[in-house]
Structure formats: C-alpha cells, structure tokens
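**Student:** Residue numbers (our numbering), protein chains in the order written: chain A, 15 to 253; chain B, 15 to 253.
Any given hint could be a false lead.
Stretch by stretch, here's where chain A covers chain B in the computed footprint (C-beta under 8 Å, at least three residues) [what the hints assert, rightly or not]: (1) 28-38; (2) 223-235.
Residues from chain B that face chain A, not an exhaustive set, calculated with beta carbons under 7 Å [stated by the list, open to error]: (3) Asn-47; (4) Ile-116; (5) Pro-241.
In case anyone wonders, no lab produced these hints; they're calculated from the structure. Cβ atoms here follow ideal geometry from the backbone N, Cα and C, with glycine treated the same way.
Take a look at the letters that make up each chain.
Number of protein chains: 2
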Amino acid sequence: MVGPFGGVTAATALRAVLDDPRCAGEPVSITVNYAGPIAEGPFTIESRLVRTNRSTQHWMLTLSQGDAVHTTATVVCGARRASWSDTEITAPAAPAPESVAITTPPGFPVWMDNYEMRFVEGHGPLAGEQVEQPTSTTTLWVRDTPPRPLDQLALTALSDVFIPRVMVRKGTMVPASTVSLTVYFHADATTLAEQGAQPVLATAGAQHFGDGFFDQTAQLWGVAGTPLATSHQLVYFKG
Amino acid sequence: MVGPFGGVTAATALRAVLDDPRCAGEPVSITVNYAGPIAEGPFTIESRLVRTNRSTQHWMLTLSQGDAVHTTATVVCGARRASWSDTEITAPAAPAPESVAITTPPGFPVWMDNYEMRFVEGHGPLAGEQVEQPTSTTTLWVRDTPPRPLDQLALTALSDVFIPRVMVRKGTMVPASTVSLTVYFHADATTLAEQGAQPVLATAGAQHFGDGFFDQTAQLWGVAGTPLATSHQLVYFKG
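The following block holds chain A by itself, in its conformation from the complex:
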C-alpha cells in the first residue's frame, strides 16, 4: 500500500541474478522481504553469490536507495534434471478464459493496469465485490497487458498479483502490505514456451489471520493444467 507493486520488486531482484554471468541453472526458489517502501528514482541491487553446488546455487541480495536497505532477497537456482514427476494439488475449476469477462482496472493501484484480469471467484473490492465473503479465495485468469510470452520474471511478478486477502474477506479496503514473499518455480523453459502469452490460472487464499498478520498460499497454473509456480506470503494488516 505504501510502495510499488511487490511483484515487480521481486522480479527485479530475480533479474539481477539471472542477468549475472555467474548465474548457473534456472531459478527454483526466491524469497523477498519488503523492509521499506521504494521511492520513485534510482536504486542499487547488491548481489552476493554465496555458493555454487552441483545441483543448486545460492544468492543473497539487497535493494537500497541511498544508505537504506528497502528489500532483501535470497534466490536459489538449480539444475533441472529429468526426474519422477507428479502433481498432488489440483487446479481450481474454472471456465475457459475467453468465456470470463475482463475486469476494468480500478485505476488505483496503478500496477493493475498492467494485467488483464478475468475473475472466476473472489473478485474483491477493487473488482466490484464490496461485501464480506466467507473465504478469502480468489481465482482468476491473468496475463500481462499488452500480452507477452511468460518468463520466470513475469511468473515471479504474477505470484503477487492478488490483492491482500483481508480485503477480499472484508469486501473493503484495508491497509495491508506484504512482509515476505516466497515463490517456488515448477516450470522449465519448455513449459514456459508452451504457455506463451496465454492467460495463467491463478488462485490464492489465506490460511490464518491474527495479531495483525496473515499468510497467503497461491498456485499459478498453465493453460494445459501444468503447475507453473506455487507461492506463499506473509502480510501485515491493520484492522
């Protein structure tokens, strides 16, 4: 509520790793902690390559403006190898994306203008559902606007595309901001290429609200029913 879209901050941290010539493998995990609001203007990312193993590579990062650190992050890259595979979770039921209406972005927050959102469940107050809900679950088809092929950076940003769950439950605006965001990447380059610029089926719900914090779990699914990423976050709220 007090800084830019957390998803783009996370994607920016990941990009610092992926653009580094020392980067080995594909991203498998990122955790971003939001320490303070980032102001419009220049910023510095310092990345520390901690260790490169045969299967994983570990990074620590800070994003600073002046002397103040505004974001910290850790990234793990990994060598994706053919292995036994299975998915225990199931994608939420949803009609085909083209049969779901596109929601007009509310204008604020402005980052929502950058996404084409088709809500299936749990629209929340920014998409016109201004009544209390029995659960905080939101499911939507979503992609960048203008459309562009999905990559790990866009997927990272999409993991934070859900408005704070407390606002969906309450059906109204509530001051809230993400404290910590984690993304586990399940899609390899082939899966991302197959997905292309098609919409992602995104679903999220809170687990527990209390003492001014709640946690959210999220899943991002490709059009072919392939799990692209799972994500979790802890959020601070007033209310």
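Model the placement of chain B on the given structure of chain A, informed by the hints.
**Tutor:** Quick look at chain B alone, frame taken from chain A:
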C-alpha cells in the same frame, strides 16, 4: 541427508536473532536456505540487522565454517497486536494423541530420537510403511523427547520434522535434502504457554514433484486446535 537436521539449523539461526539485544518483537517469518552440509564442529553466525520499522524488523544471516557459507537465512520479527482474527484452514482429523501409538525411532537419522512421534497417517518408510502411497500426506502428533515447553525455536525445528515427501510416496529411502525452508509464525507467547509440553498436531504434503525438486506445505496445530505455524519448503531429490 548429508548434514544435520535442517530444523535445528533453522532454530539456531532464529536463536541468533532472538538472543540479540537489538531484537524487537516476536518472530513472524523465517526463511532458511541450505547451501551446504554443516560438519560437526564450531560454526559462526553473522547477523545483519537491516532495518527496524514500527511493525517489522528485518534481519539477514549467514552460518559459516571457515570461509564457506553453509546456510543463509532471513528473519522478520514483528509487533503482534490485537487484530481481527480468523483461520480458513482446518486441522486434519486425528484421534487424541494418547490413543495413538508412539513409533520407535529408526536409529538413523539420529535426530528422530529427539522426537516422540505418533503417526496418524503417512508413516513413511522410516516408521514401517514401506509401500508406495497415493499421496504424500503425513499427519502425526509430535513433541520433543524428553518433553519440554514449546517455544518459537522448538516450533521452527518442528516445521522440518517431516521426512522428504518423495520417500513417503515411494515407500522407500530416496536421496533428498531441503533447499529452502520458510516458517510463518501464528502463535503468540500466550498460545505457546497454553500449549506447554503437549504434543503438536503436524501435517505436511507435497504439491508438485518434477525436475528433481518438490515443494512441501505444512501446518502445525496446538492441542486446542489453534494454528501455531504454517511452513513451506523446496526439496531436492534424486529419483
């Protein structure tokens, strides 16, 4: 599989923060990345207090032996304040702990000797269930042995008490090790005091296995049906 119990490494990192005189508030989130196996012997934890806000405090840590970093961690502490509260997830069905048999620890890994485990579902190969399973879900009552009152450190360690999910699915030993572990703390000091030394109802399941990695989500519940913590991890496996 190649180092000490990941749960105690995570608890050790958290302790470095909680024992620091600068620590403000209670832990709300920790992420630990396991970069390399920790050998028996001395180690050094370097902790960096990144930022203290009104509601949250951000830390970065490394655990080293000699010049090599073996573990990185980020910790967020927070000011727990009275707020609207609700739990959207439900505890798994389980008989009372005293009616579930205590499993004899397998001897290896040795850390399992430090827990009293009463399996309700998904025993896994270390507790005698050496057949393939349709899901990786494990539910058990668990507490330290010898019993002692639960605190945030013990809760952190308990978040990693589940053997790798791929072993439960396959019903056999599979090389696997945790890459990244995140814990979100939902219990305040009062809830922990009420829990005391009673068993915790712990449940975990994998979401997706593929490309040599899988992710696990876990919930830890108090005897009164109170959510104590939720936890997530990414695990590397061969198979």
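**Student:** Indicate, hint by hint, whether the structure satisfies it.
**Tutor:** To see whether the hints hold, each was checked on the structure:
1. 28-38: violated (count 0)
2. 223-235: holds (count 8)
3. Asn-47: 5 Å, holds
4. Ile-116: 28 Å, violated
5. Pro-241: 5 Å, holds
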